[in-house]
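> The listed protein sequences correspond, in order, to chains A and B.
The first sequence maps to residues -13 to 311 in the working numbering.
The second sequence maps to residues -13 to 311 in the working numbering.
No lab work stands behind these hints: they were computed from the structure.
Misleading hints may appear alongside valid ones.
Given that identical chains are not distinguished, each listed pair holds provided it fits within a single copy or across any two copies.
Derived EDC-like pairs (lysine to aspartate or glutamate); straight-line CA-CA distance at most 20 Å [claimed, not checked]:
1. Lys215 to Asp225
2. Lys215 to Glu202
3. Lys157 to Glu131
4. Lys235 to Glu282
5. Lys36 to Asp87
6. Lys36 to Glu303
7. Lys135 to Asp194
Protein chains: 2
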Amino acid sequence: MTYSEQLLGISNAIVDVLEHVDQTFLTTVGAPLGSMTLIDEEQARSLYSKMTPAIETSGGSVANSIAGFANLGGSSAYLGKVRNDQFGDIFNHDMASLGVDIRLPPASTGPSTARSHVLISEDGQRTMQTYLGACLELCLADISEATIKSPKTLLLEGYVWDIAEGPALAKKAAEIARQNGTTVAMSLSDSFCVERHHEAFEDFVRNDANIVVADEDEINALFSTSNIKEAIEVLSTLDVLFAVTRSEKGSVIVHGNVTVEQAATKVEEIVDTTGAGDAYAAGFLYGWTNDRTLSECAKYGTYCATKVIQQLGARIEKGLLDNFS
Amino acid sequence: MTYSEQLLGISNAIVDVLEHVDQTFLTTVGAPLGSMTLIDEEQARSLYSKMTPAIETSGGSVANSIAGFANLGGSSAYLGKVRNDQFGDIFNHDMASLGVDIRLPPASTGPSTARSHVLISEDGQRTMQTYLGACLELCLADISEATIKSPKTLLLEGYVWDIAEGPALAKKAAEIARQNGTTVAMSLSDSFCVERHHEAFEDFVRNDANIVVADEDEINALFSTSNIKEAIEVLSTLDVLFAVTRSEKGSVIVHGNVTVEQAATKVEEIVDTTGAGDAYAAGFLYGWTNDRTLSECAKYGTYCATKVIQQLGARIEKGLLDNFS
Chain A
-13 MTYSEQLLGI
-3 SNAIVDVLEH
7 VDQTFLTTVG
17 APLGSMTLID
27 EEQARSLYSK
37 MTPAIETSGG
47 SVANSIAGFA
57 NLGGSSAYLG
67 KVRNDQFGDI
77 FNHDMASLGV
87 DIRLPPASTG
97 PSTARSHVLI
107 SEDGQRTMQT
117 YLGACLELCL
127 ADISEATIKS
137 PKTLLLEGYV
147 WDIAEGPALA
157 KKAAEIARQN
167 GTTVAMSLSD
177 SFCVERHHEA
187 FEDFVRNDAN
197 IVVADEDEIN
207 ALFSTSNIKE
217 AIEVLSTLDV
227 LFAVTRSEKG
237 SVIVHGNVTV
247 EQAATKVEEI
257 VDTTGAGDAY
267 AAGFLYGWTN
277 DRTLSECAKY
287 GTYCATKVIQ
297 QLGARIEKGL
307 LDNFS
Chain B
-13 MTYSEQLLGI
-3 SNAIVDVLEH
7 VDQTFLTTVG
17 APLGSMTLID
27 EEQARSLYSK
37 MTPAIETSGG
47 SVANSIAGFA
57 NLGGSSAYLG
67 KVRNDQFGDI
77 FNHDMASLGV
87 DIRLPPASTG
97 PSTARSHVLI
107 SEDGQRTMQT
117 YLGACLELCL
127 ADISEATIKS
137 PKTLLLEGYV
147 WDIAEGPALA
157 KKAAEIARQN
167 GTTVAMSLSD
177 SFCVERHHEA
187 FEDFVRNDAN
197 IVVADEDEIN
207 ALFSTSNIKE
217 AIEVLSTLDV
227 LFAVTRSEKG
237 SVIVHGNVTV
247 EQAATKVEEI
257 VDTTGAGDAY
267 AAGFLYGWTN
277 DRTLSECAKY
287 GTYCATKVIQ
297 QLGARIEKGL
307 LDNFS
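Start from the sequences, fold in the hints, and give me the full structure.
Listed below in structure tokens is the structure:
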């Protein structure tokens, strides 16, 4: 079997607008610490007018994983919707410059490229207020044999279900994947997202996904379990490979009867927790698409996540595996 | 005399696109280390396609000084041209959020907002490739009693002379300033810029400027002197207040017979030299507009420059003077 590339990501293409804030600001905005809230353009404008100077950088959860995967040396492609505006240019530039194959041209009409106002608290946690803009225009017609091709693995993020045609296009992408022998992986995005789309996620995980990457909270939200022990019991009954991240408690891989526990690496100082899960997914899938053992996949994931929390910014840098052992 | 504000800046409104590069990249691009080269939109596109992922942030030399001045607690205003696009939004947002009064509305037609591709070398030096875009549309008609008002000090940057109507609009701004009792200050921008506009700069410095802020290289380029001693001899014959920065050799203030030398502050590690001159100008003019002695002005300038070279990014942050002594 010849694959078009090792990994294709389908997700919301977003430019991050980063600003340091204090708790008072979050209270004023009415945003729960660590949450991701969807806002409309008017709310985005109002929020931005309250923010002090910021910096802009490409973001998006699975988009970060795809960029990271490319930086690890994997071949990858990306499918998401931007507008042909300056933020769209930034997003596509940053992907293309890493060698990621961009599958959709920027839209020439419609809402502007998505932006996420990332409010970084004193403790390094991020609270996101996201205007999805052009992302919401991603539609069924964008998903075809020509745009999906035949990747070894397809990675979808839960946030795609926030798009009107998202549930349908995810199903269509999974169907094309199955025909090509492509493995379907899903990132659950965040526990609020799981709650928004509980039924659809459960259906997709049980019927379409081969791999699920998620943190402990997301898994508990999805299966209505209250701790990791309960969760593992449920996960082991499904024919799905689960990689569950647990912050400082490490991660656990569950595939039927097989359970692999991976300890976290101790770090002296956490600079910025964002992108830890995305980096874990990049590393885990890099191992997986290179036919490594589950234990090795977990080690790659942990290594990438450990690196990303010790830097500012959510995307892992080139040459990361140079010192991997 | 009631002033509309302490400081009004007229300059090129630019968004910086920052990327770390090695010497090979600079050689390929053909850019002399530390230079600022003007490029057209096609060249900007070509350069950007060669760059790896970058981050975007508001920039521009005198724009940095105005933002810094506001963060020091001074009242300030800004006059420069952006387009009503996403980079223009970023630029104006960052200024307005600091309380800077924006004097011109964004253009609704014409070239896009300017961007400077800032190539940061391993030693922290910056090489800039700048597409001026909307900046070049700044014109004589934008300069009036209504847009200049009556600031205590007007600060123009040398880069304004790169605009077609730049020399004329600088003269017009200086004329309005004189009528209002506004002090005219000029930043010489960089020594390549001095060489591009040698005659016009000499005329403006001798006939319009009351204060000139520049580094040693720029002063030597302007007066065809070869060292600081020769330069001071020339400067002391003019009825202009000169603040000359000399990197690790500190700075020297020359006003006729009066010469004030200010030592540099030793720093353990220089993170990023960009914005050192802009920060010095902010501090120096903050002292000056608050009627401090020349020695105190130099101390403010040095304090700000010292801070900015120990951080990533060219703009000094709020509360900087909290620990000034």
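> Could you figure out if Lys157 and Glu131 sit no more than 20 Å apart (CA to CA) within one copy, between two copies, both or neither?
within (14 Å within a copy, 62 Å between copies)
> Can you give me the call for Lys215 and Asp225, within, between, both or neither, at a CA distance of at most 20 Å?
Close inside one copy (18 Å), not across copies (81 Å); limit 20 Å.
> At 20 Å max between alpha carbons, let me know whether Lys135 reaches Asp194 within a copy, between copies, both or neither.
within (18 Å within a copy, 65 Å between copies)
> If the cutoff is 20 Å on CA atoms, where do Lys36 and Asp87 land: within, between, both or neither? Let me know, please.
between (37 Å within a copy, 16 Å between copies)
> Is it within a copy, between copies, both, or neither that the alpha carbon of Lys36 lies no farther than 20 Å from that of Glu303?
between (32 Å within a copy, 17 Å between copies)
> If the cut is 20 Å between Cα atoms, do Lys215 and Glu202 qualify within a copy, between copies, both or neither?
Cα proximity of Lys215 and Glu202: one copy only (11 Å, versus 68 Å across).
> Between Lys235 and Glu282, at a C-alpha cutoff of 20 Å, which is it: within one copy, between copies, both, or neither?
within (18 Å within a copy, 54 Å between copies)
Of the numbered hints stated above, none is contradicted by the structure.
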